[in-house]
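Protein chains in written order, with our numbering: chain A, 1 to 456; chain B, 457 to 999.
In case anyone wonders, no lab produced these hints; they're calculated from the structure. Hints may contain errors.
List time: in silico DSBU-like cross-link candidates among lysine-lysine, alpha-carbon distance up to 30 angstroms [said to hold, decoys possible]:
hint, chain 1, residue 1, chain 2, residue 2
1, A, Lys134, B, Lys473
2, B, Lys484, A, Lys367
3, A, Lys134, B, Lys481
4, B, Lys669, B, Lys587
5, A, Lys126, B, Lys485
6, B, Lys987, A, Lys62
7, A, Lys353, A, Lys367
8, B, Lys674, B, Lys778
9, A, Lys394, B, Lys488
10, B, Lys484, A, Lys126
11, A, Lys272, A, Lys350
12, B, Lys924, A, Lys62
13, A, Lys133, B, Lys473
14, B, Lys601, A, Lys380
15, A, Lys350, A, Lys380
16, A, Lys434, A, Lys367
17, B, Lys761, B, Lys494
18, B, Lys603, A, Lys380
19, A, Lys365, A, Lys257
20, B, Lys778, B, Lys791
21, A, Lys134, B, Lys484
22, B, Lys485, A, Lys134
23, B, Lys587, A, Lys350
24, B, Lys885, B, Lys924
25, B, Lys485, A, Lys133
26, A, Lys126, B, Lys488
27, A, Lys126, A, Lys62
28, A, Lys133, B, Lys871
29, A, Lys394, B, Lys485
30, A, Lys126, B, Lys988
31, A, Lys353, A, Lys272
32, A, Lys133, B, Lys481
33, B, Lys791, A, Lys62
34, B, Lys601, A, Lys367
35, A, Lys272, A, Lys434
36, A, Lys126, B, Lys473
37, B, Lys587, A, Lys349
38, B, Lys601, A, Lys62
39, A, Lys365, B, Lys601
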Amino acid sequence: MLLRHTPNEPSEREVLSINPAKTCQPIGAMYASLGIHGCLPQSHGSQGCCAYHRSMLTRHYKEPVMAGTSSFTEGASVFGGQANLVQAINNIFSLYDPEIIAVHTTCLSETIGDDIPAFVHQAEQKGFIPEGKKVIHANTPSFAGSHVTGYANMVKAMVQYLAEPSEEKGEYVNIVSGFIEPADMAEVKRIAGQMGVESILLPDTSGVLNTPQTGTHEMFPAGGVTIEELKKTGGAKKSLALGVTAAAPAADALQAKYSVPSMVLDLPIGIKATDRFVSALAETAGIDVPDIVTYERGQLVDVITDMEQYFYGKRVGLVGDPDQLVALTEFLVTLGMVPAYVVTGTPGKKFEKRIAELTEGLPTKVKAGGDLFLLHQWIKEEPVDLIIGNTYAKYIARDEDIPLIRHGFPIVDRIGHILFPTVGYKGGMRLVEKILDAILDRKDRDSSEESFELVM
Amino acid sequence: MAGTKESKLTPQELKEKLIEDFPPKMAKKRAKQIVVNKLDETGNPPEILSNARTIPGVITQRGCSYAGCKGVILGPVRDILTITHGPIGCGFYSWLTRRNQTDAGEDGTNFMTYALSTDMQEHDIVFGGEKKLQSAIREAYEIFKPKAIAVCSTCPVGLIGDDVHAVAREMKKELGINVFAFSCEGYKGVSQSAGHHIANNGIFTHVVGTEEKGEPGKFRINMLGEYNIGGDAFELERILEACGITLVSSFSGNATYDQFASAHTADLNTIMCHRSINYVAEMMETKYGIPWMKVNFIGAEATAKSLRKIAQYFEDPELIAKVEEVIAAEMPAVKEALDEARPLTEGKTAMLFVGGSRAHHYQELFSELGMKTVAAGYEFGHRDDYEGRNVIPTIKLDADSRNIEELEVENDPVKYSPRKTPEQIENLKAGGLTLSEYEGMMRDMEQDTLTIDDISQYETERLLTLYKPDIFCAGIKEKYAVQKHGIPLKQLHSYDYGGPYAGFKGAINFYRDIARMTTTPIWGLVTPPWKKANEVAEESAAA
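Bound conformation, chain B alone (with noise of 0.2 angstroms):
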């Protein structure tokens, strides 16, 4: 049962009790991607092993480079026609089973519902499938007439040598439409990760800077890494426009085809996932001169934080003010919620293995009910992710992420133009306004508490045995699981079907969705009234 409970052993016992049945050579990787959280003297996190192969038969969270490209990226947006090119089952399972919200616009464009499939068969596998990928590109322009069409290549594509890049550019000259494609073959890579870079190169390469006209606004801005997960954009879009601040875009939770292609109009990125996004951020600012911030709408504070930092990038103090205005007018409904639920949330214990930002972004909304972060790690992050970007230099590529393509970007002929001159922003960084930088998880978790990396099930369980949360964080696979423990598991990519969790209104729904699941009286009747009789019995007896 849940129970607020510190474990007796100390952190260090505790990584070591994970991994003492570990085969030696399993037992020695895992060591170094199970880290106690503890500065230096020089005030930086231990080094932490990411972005590493997950060791065949662990039962691992992690999926695949198609799932990061076609679910995660493309996933949101809603006018790009998207093909899966392979046996039909990646498609099945992509199908909307992400939870991007969306409707269908002015324009009366949702493809969203639709999977899409090539389905190939034995004959193809063979054969060769260019033939069929070209037809069923035709077939989906006939039915649908996109203003785009995307290709995703499944494991198979890739080792037959289907050339989806060739298909692609010949179909977008014969429908006049932009058609466009990725080698996001499920082999590639280690994780997910590898899926979110080659679908964001993708798009920058194909559709971003394509179209000069954007959304008209003083305050133009992009939001990267924000994937709509349960309406998390639409209370994103309501925030920003109450502030006067015009999204241009948006990577890509309900993004269209036209938001991609007019990006580099906005004057500032503003990211929220930093795995998924960080290098379209900097390839931005390299081709069109558009400086980045990290920012973090998980969480009340965070929100007002990230808004304070957009409004003093833009050094406008009608936006300061408005900015001001807003979270005046927002925050008393979140401190009457919190107010509500801190009672029951206080001093009880979370854990949150999920994502490339969200174990970090949703430790806000956990110490704002008062609750501590006990241990937390990603399912695909990177060093960086963990221990902040300074120690981007010193990652090292590996056979892996070799093979994720790295785009060469340069200062755009035409389309470059400095947002800011050096001395701006030398003087917003005075200002203490931090920009290009992203201090990883691991600086903002308590010190002696469990940093870990693509967690396994087996670590899963003696962390529950031995460590009683009062809920962890992590995914559908997990969920019923950790929940037969007696232990609720929140889930952090579909919100169990519920959210917004962003911004002001989503902490509202965050705080007493907690507050409900770690009261919530069924858990109380999980051991029936006899055998709560029989453990008195035994315990008295055993005293």
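Next up, chain A with everything else stripped away, as it sits in the complex (with noise of 0.2 angstroms):
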């Protein structure tokens, strides 16, 4: 047993994390900057929190992930960062010529309060920025929110930085991207395509994070929106937030800011969710939706009432982030499942609240704030069909005998989540064969020699 010591009933605890279902915010503004065309995320703190989001994007997305550090040292830490991130704002211009320098926070810096944007003012009074490039900057203090947390606040500053007013409103929207996969984002593009929608999509991790090998190695390779498109962002006709806790805070910004009006949705994922993108889409366009994507719509639904009694009833516990968690609820509640525990290290009671309404009637147990060795002692108290979560969930799924789909944050064990999305209803297919595989797998293992089946 991998988790030998948790016990079978749920602990008395009131401060411990163990085995937790988050990180903290500066991977996810780490992450959200790579999604700029042509950025080098600067992190402003000891150099130990840019080697570990370094390594575990690394490992996430088995791709190239650049950044600098401020290498604080002690000196640093007592007089401030200043003159590190002077420095290292002269020299990433120097060595590697970025379009944009995005600087996240750390714990450290966040608890001297060092001024950043008084720092890149000094760095741009010395002539260290170049005519025409750009640094930005997030808050990113780890000690509050989550790793989703960071990639919001990091996506709020791309528009506080660069968007411009517009006295017209354009026809295109602004499509604010959760912390959702390359492939993700890739898909969400292809489905604006499709609709014939003109969007911009911020940010936008395709073509950063999933490139292919080529033999050379670019350092801003060419993916990412750009400096230019997060400029039109302010003249926008819609920005449609794909989730409340990632996105929601930059398409708010931009209506504060520019009037440009917010739309917050939950990430489409699922039929459910994916009709409200799509009508979304259409209803800010004045279109109407294309035939094709309806098509795709049928094809997904049609594969489920084609294997719905598989589907039906099974418990699932799922681990992960909230917007994620929102939309793959619903989607298992519209298979006829039982999202039996829904577990987010993210703190919020919204989310607890919301999980409560989506899965009103059904025996739900819903934590925000909570970690892996509770969801464990849920399980262990009453057992479930099918886990979905992070590869850290495979020790428990091991432990306890049950298949586990690998979805969200990390994955660093399987490679699934770099190719194909999760999103739309070509991601919503790839879903329910991801579940139906798991189930029935596990079936043809488990069944009796005369009740093996042949055909399901």
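With the hints as a guide, bring both chains together as one complex.
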């Protein structure tokens, strides 16, 4: 048993976190920054933060993840990191020549209260920021929220720094992406393209963190939302925010500053959430949903009606990030499954309320600010048929002999998330296939000789 | 694409190419950290600047002190329950990511799959986190009932002034188990190396010497600086057992609390990773009278040599014979694997930028494969790891190294007992045995190769372009950037989830992995056929 010391009954805990279902803000900010074309993220803190974030993102994407650090020493921690950041900005532009540097803070620089805009201003005065290049920043204290909050803060910073006012609103929409995979971002763009809706996706890590092997390493791959596009977000017809936790803050900021109406949607995972996304796109653009989109939707519904019996009543334990869990929970309910346990490490009472609404009448336990240790103990009390979570959930899956579908961050032992989306109708098909594979493989393994089925 | 191609540039030109575009201040500093290997007339390598601050913004390989303490040193210990005191990130990132393997032993304890954190919130930063830490320790004890609890501090802890050591003392009293804390905040020192030092000092102070009953045996040693990546420790345990050598403790691959506690009862300290732990060996020699020697179990020949050194130290004919017997039994399989691999690897080139000893040790394996190491360097080594211990008296303390505590150690009034008399030591040395000595990496490298300390991404890119090596060794952060160049990267932190690479069986694994990596057909398919055709056409047109 890998988690042999986990007691069967939920343990009394007030302060101790065991096997977290979240990590800290800066890694989310670093990921978001990589979704700007030509951006080098800069971690303002000790070297270890940057090393840890780059390592974890690299394990997840199996791609180069480039970022600088302010390399705080004890001196910088006492006297502030001004000299370090100013020097870093100079060195980064001299050596790597990015279009933009996106600085995020850490618990260290937040604790000492470093004033990043003042430091950047100094770098500018010293002539360290070449003409036309940008430096933006987000405050991402690790002692509040989670990696999702850090992502949201950096995306918000992008529009706060770069969006420009526009007298007339354009015919395009902003799509603010939640904390999803590059493959998902590409799929969101594909759907908008299929519908003929002109859009700016921000951030956009597709083409940055899923690049081809060409025999050349590009420090700044072709993908990412450009600075020009980010400037234009202030003049969009509307912003669609995909996820209340990760995406809404940027859309709301655009509304507050430039009167771009903000519409907050769920991540388009599953039929209903994708329906809402597609409808919102159509409505915003004033068009009918094209047949090709309806066709893909029909394929997804079809495969579920074909296999509906295998989903029904199956109990699922979910662990991950709030926006994903909301959409997944809704989808599982659509499938006739029972989201028995829904745990996120990210704090937030609204999340608990939303899950409770989606699972009304079902025996669902939900926890925001929870951890994998709690999920495991719930499972020990009453088991589930399936777990959906990141790679760390595989220790529970193995100990309790329950199939696991990997979803969320980080996935460091499989590659599907790098290649294939789970958003949209196509993504729904992939999720359905994964769920069925997990359940039916288990059925094949466990059924008696006489009840072993050829056709399913 | 990878291909064996000697650079046309001289090493000095290569060095200049690496730094030519740097801002002047940076170029000046890096010039001292990039040196051409050339022994002077007295046989000494050139001086290299190391254990120096990383230049902000360069994109470094380095991590922090917390990573060195919690991840490297405490990570492989299965029965000390470690709590990270800080915001959630650090505990999360150091959770199971270093591939320290273990089972739960006969006592059934394995805490390595658990990440415990106080998950500090804004309130704790403002009002202090001591109470929270205290409660967390209490809760952890109630759930896990460990024999010891360690607390690792992250950056804000030192800044807000939480006295983790006072909390640990109080909880030790309350719970009746050993509780100790580490001030290993990420900003201490200039790299992981500071964290190794802080961790080892803590283990030495709070644990070593607290238990008199160590593993019984005739030839009793400690293995220092072996961290059981990918099961290395299991292979070494197997070999030592076959030789009849008893492993009293390991620092800290597959280690237990009791091993640390009884480490002072061993009769010899062997050091694998000189960087991370040489001071523990020195302190144990001073306090308990245990001599130490540098060993290297990376490489089959190096393993045989190290076993012979241990046997020579014990001056026991039976042990000497037994070691020879074990080597003789192991070598045929090694030779067979090498005979298969070497035709595929012979004449190829390697670069190693990793660790505080791995960049040195793994050159042995490449050399066994007939491969030349053309450039190497440490991520967090010090001058003695490069140039040898004889430079230690000339290493100047700076603002960063001054802050890392050096313990004052004296002969223990009760437990000090020299294992060898000064005459015996002299005789052993006269017989060719080197004790308390490490000659460093540079002396073992070929002349006119490059040594680069704390290499940056920029320099890595340049090196790859100017001098296409057949394989590059570093870590996960470098892996895919290097591979995008069409050059395979072998991770020497995680072994790419393979291994073990230590000992005889490890050498066999390594030969096979390197032969595979440098010949796997997929690298030949990076360029699509239509582009290949274009390239050929362009080349002939140019001709």
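Against the structure, the hints come out as follows:
The hinted pair formed by A:Lys134 and B:Lys473 meets the criterion: a straight-line CA distance of about 29 angstroms does not exceed 30 angstroms. Distance restraint check for B:Lys484 and A:Lys367: the Cα-Cα separation of roughly 55 angstroms exceeds the 30 angstroms cut-off, and the hinted pair is therefore not satisfied. Among the hinted pairs, A:Lys134 with B:Lys481 is consistent with the structure: their alpha-carbon atoms are about 24 angstroms apart, no more than 30 angstroms. Distance check on the hinted pair: B:Lys669 and B:Lys587 sit about 36 angstroms apart at the alpha-carbon level, beyond 30 angstroms; violated.
In summary, the hint linking A:Lys126 to B:Lys485 is supported, as the alpha carbons are separated by about 21 angstroms, within the 30 angstroms threshold. The straight-line distance between the Cα atoms of B:Lys987 and A:Lys62 is roughly 25 angstroms, inside the 30 angstroms bound, and the hint therefore holds. For the hint linking A:Lys353 to A:Lys367, the alpha-carbon distance of about 10 angstroms falls within 30 angstroms, and the restraint holds. Between B:Lys674 and B:Lys778, the direct Cα distance comes to roughly 13 angstroms. Compliance with the 30 angstroms bound is thereby established for this hinted pair.
Distance hint between A:Lys394 and B:Lys488 is unfulfilled; the C-alpha atoms sit about 47 angstroms from each other, more than 30 angstroms. For the hint pairing B:Lys484 with A:Lys126, the CA-to-CA distance comes to about 21 angstroms; that is within 30 angstroms, so the pair holds. Using a Cα cut-off of 30 angstroms, the hinted pair A:Lys272 and A:Lys350 holds, with the two alpha carbons roughly 20 angstroms apart. With a C-alpha separation of about 22 angstroms, the suggested pair B:Lys924 and A:Lys62 falls inside the 30 angstroms cut-off, and the hint holds.
Taking the CA atoms of A:Lys133 and B:Lys473, the gap is about 26 angstroms. The hint holds against a cut of 30 angstroms. In summary, the hint linking B:Lys601 to A:Lys380 is supported, as the alpha carbons are separated by about 20 angstroms, within the 30 angstroms threshold. With a CA separation close to 27 angstroms, the supplied pair A:Lys350 and A:Lys380 stays within the 30 angstroms bound. Between A:Lys434 and A:Lys367 the alpha-carbon distance is near 25 angstroms, which keeps this suggested pair within the 30 angstroms criterion.
The straight-line distance between the Cα atoms of B:Lys761 and B:Lys494 is roughly 26 angstroms, inside the 30 angstroms bound, and the hint therefore holds. For the hint pairing B:Lys603 with A:Lys380, the CA-to-CA distance comes to about 26 angstroms; that is within 30 angstroms, so the pair holds. Between A:Lys365 and A:Lys257 the CA atoms are separated by roughly 39 angstroms; this puts the pair beyond 30 angstroms, and the hint is violated. In summary, the hint linking B:Lys778 to B:Lys791 is supported, as the alpha carbons are separated by about 20 angstroms, within the 30 angstroms threshold.
Straight-line distance between C-alpha atoms of A:Lys134 and B:Lys484 comes to about 28 angstroms, which keeps the hinted pair within the 30 angstroms bound. Under the criterion of a C-alpha separation no larger than 30 angstroms, the hint pairing B:Lys485 with A:Lys134 is consistent with the structure, at around 28 angstroms. For the hint linking B:Lys587 to A:Lys350, the alpha-carbon distance of about 29 angstroms falls within 30 angstroms, and the restraint holds. Under the criterion of a C-alpha separation no larger than 30 angstroms, the hint pairing B:Lys885 with B:Lys924 is inconsistent with the structure, at around 43 angstroms.
A hinted pair counts as satisfied when its Cα atoms are at most 30 angstroms apart, and B:Lys485 with A:Lys133 qualifies at roughly 27 angstroms. For the suggested pair A:Lys126 and B:Lys488, the alpha carbons sit about 27 angstroms apart, so the restraint of at most 30 angstroms is met. Only pairs whose Cα atoms come within 30 angstroms are accepted, and A:Lys126 paired with A:Lys62 is rejected, the gap being roughly 38 angstroms. For the hint linking A:Lys133 to B:Lys871, the alpha-carbon distance of about 65 angstroms lies beyond 30 angstroms, and the restraint is violated.
Taking the CA atoms of A:Lys394 and B:Lys485, the gap is near 46 angstroms; set against the 30 angstroms cutoff, the hint is violated. The hinted pair formed by A:Lys126 and B:Lys988 fails the criterion: a straight-line CA distance of about 47 angstroms is larger than 30 angstroms. Note on A:Lys353 and A:Lys272: the hinted pairing holds, with a Cα-Cα distance of about 19 angstroms set against a maximum of 30 angstroms. Annotation: proposed proximity of A:Lys133 to B:Lys481 holds, straight-line Cα distance about 23 angstroms (limit 30 angstroms).
At roughly 35 angstroms between alpha-carbon atoms, B:Lys791 and A:Lys62 are farther apart than 30 angstroms, so this suggested pair is violated. Taken as a hint, the B:Lys601 and A:Lys367 pair is honoured in the structure, with Cα atoms around 26 angstroms apart against an allowance of 30 angstroms. With a C-alpha separation of about 19 angstroms, the suggested pair A:Lys272 and A:Lys434 falls inside the 30 angstroms cut-off, and the hint holds. The straight-line distance between the Cα atoms of A:Lys126 and B:Lys473 is roughly 27 angstroms, inside the 30 angstroms bound, and the hint therefore holds.
A hinted pair counts as satisfied when its Cα atoms are at most 30 angstroms apart, and B:Lys587 with A:Lys349 qualifies at roughly 25 angstroms. For a cut-off of 30 angstroms, the pair hint linking B:Lys601 to A:Lys62 is broken: about 38 angstroms separates their Cα positions. Under the criterion of a C-alpha separation no larger than 30 angstroms, the hint pairing A:Lys365 with B:Lys601 is consistent with the structure, at around 28 angstroms.
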